[in-house]
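Below, each chain spelled out in residue letters.
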Amino acid sequence: DTGVSQNPRHKITKRGQNVTFRCDPISEHNRLYWYRQTLGQGPEFLTYFQNEAQLEKSRLLSDRFSAERPKGSFSTLEIQRTEQGDSAMYLCASEEGTNEKLFFGSGTQLSVL
Amino acid sequence: AQSVTQPDIHITVSEGASLELRCNYSYGATPYLFWYVQSPGQGLQLLLKYFSGDTLVQGIKGFEAEFKRSQSSFNLRKPSVHWSDAAEYFCAVVWYTGGFKTIFGAGTRLFVKA
Numbered sequence: 001d002t003g004v005s006q007n008p009r010h011k012i013t014k015r016g017q018n019v020t021f022r023c024d025p026i027s028e029h030n031r032l033y034w035y036r037q038t039l040g041q042g043p044e045f046l047t048y049f050q051n052e053a054q055l056e057k058s059r060l061l062s063d064r065f066s067a068e069r070p071k072g073s074f075s076t077l078e079i080q081r082t083e084q085g086d087s088a089m090y091l092c093a094s095e096e097g098t099n100e101k102l103f104f105g106s107g108t109q110l111s112v113l
Numbered sequence: 001a002q003s004v005t006q007p008d009i010h011i012t013v014s015e016g017a018s019l020e021l022r023c024n025y026s027y028g029a030t031p032y033l034f035w036y037v038q039s040p041g042q043g044l045q046l047l048l049k050y051f052s053g054d055t056l057v058q059g060i061k062g063f064e065a066e067f068k069r070s071q072s073s074f075n076l077r078k079p080s081v082h083w084s085d086a087a088e089y090f091c092a093v094v095w096y097t098g099g100f101k102t103i104f105g106a107g108t109r110l111f112v113k114a
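Read top to bottom, the protein sequences are chains A and B.
Each residue of the first sequence is one higher than the one before, counting from 1 in the numbering used here.
Each residue of the second sequence is one higher than the one before, counting from 1 in the numbering used here.
Be careful, since some hints might not be right.
[As the list claims (entries may be wrong)] Listed below are the simulated SDA-like cross-link pairs for lysine to any residue, each with C-alpha atoms no more than 20 Å apart in a straight line:
#1 K101(B) to K14(A)
#2 K49(B) to R22(B)
#3 K101(A) to N75(B)
#4 K113(B) to A88(A)
#5 K101(B) to T20(A)
#6 K57(A) to G40(A)
#7 K14(A) to K101(A)
#8 K101(A) to S3(B)
Because the hints were derived from the structure by calculation, they are not lab data.
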């Protein structure tokens with residue numbers, strides 16, 4: 001499968017715990033994006049990488065959120081001290097160059113109890 | 001600030017009927033425009049995109065969209081809806097503000113009745 005892969009598909013955690021999600025983009029795509037989607041809303045931009053550099057981070061993202069893309073390939077999104085309001089679908093997307101066409105993974109559904 | 005509006009939260013059409021989903025955007029510069037579809041349990045799939053040129057663009061699955069600059073709109077259409085078209089549809093707009101950023105509308109849920 002050469003699409004965008006996200007793991008895990010589902011994550012249930014207790015409030016206050018840390019969680020980490022992984023995204024493997026399409027190989028050779030140098031841009032990688034993270035979005036968050038809640039029920040009834042469109043995907044909300046969180047952050048994006050150009051290769052290993054994190055170029056932009058949404059002001060909506062609190063300090064509990066951190067993302068990395070250490071070798072310019074896969075990326076991880078960590079949420080520390082999770083809150084119930086963090087429950088959402090976290091989507092990863094990759095893009096080749098400036099094609100502006102995003103390829104999305106199936107997402108990681110986070111439920112914080 | 002940039003914004004994307006999809007005024008219809010949900011739409012119900014009969015199978016075989018025509019469909020139009022509305023999308024409007026704010027901000028002065030002409031952006032890049034996209035429509036994505038999301039089926040339950042699936043990631044978002046690109047239907048079509050507009051960058052420049054002919055304002056009527058054709059996409060996959062028989063969808064088309066028309067860019068109207070004067071109305072800041074990019075409405076999605078299909079002449080005859082199939083039951084498999086039932087899904088959530090998102091309009092997305094890309095602006096260049098020092099870097100490319102994609103902003104999505106809230107989505108329109110399409111229901112298809114037999």
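Sort out whether G40(A) lies within 20 Å of K57(A), counting only the CA atoms.
-> 23 Å, violated
Distance restraint between K101(A) and S3(B), which requires alpha-carbon spacing of 20 Å or less = Distance ~19 Å between K101(A) and S3(B) Cα, so the pair holds.
Sort out whether R22(B) lies within 20 Å of K49(B), counting only the CA atoms.
-> 15 Å, holds
Regarding the pair K101(B) and T20(A), is the alpha-carbon distance no greater than 20 Å?
-> 24 Å, violated
Holds or violated: K101(B) with K14(A), Cα cutoff 20 Å?
-> Violated: K101(B) and K14(A) sit about 33 Å apart, past 20 Å.
K101(A) and N75(B): Cα distance at most 20 Å?
-> 18 Å, holds
Sort out whether K101(A) lies within 20 Å of K14(A), counting only the CA atoms.
-> 36 Å, violated
Is the Cα-Cα distance between K113(B) and A88(A) 20 Å or less?
-> 29 Å, violated
Checked against the numbered hints above, the structure violates hints 1, 4, 5, 6 and 7; every other hint is satisfied.
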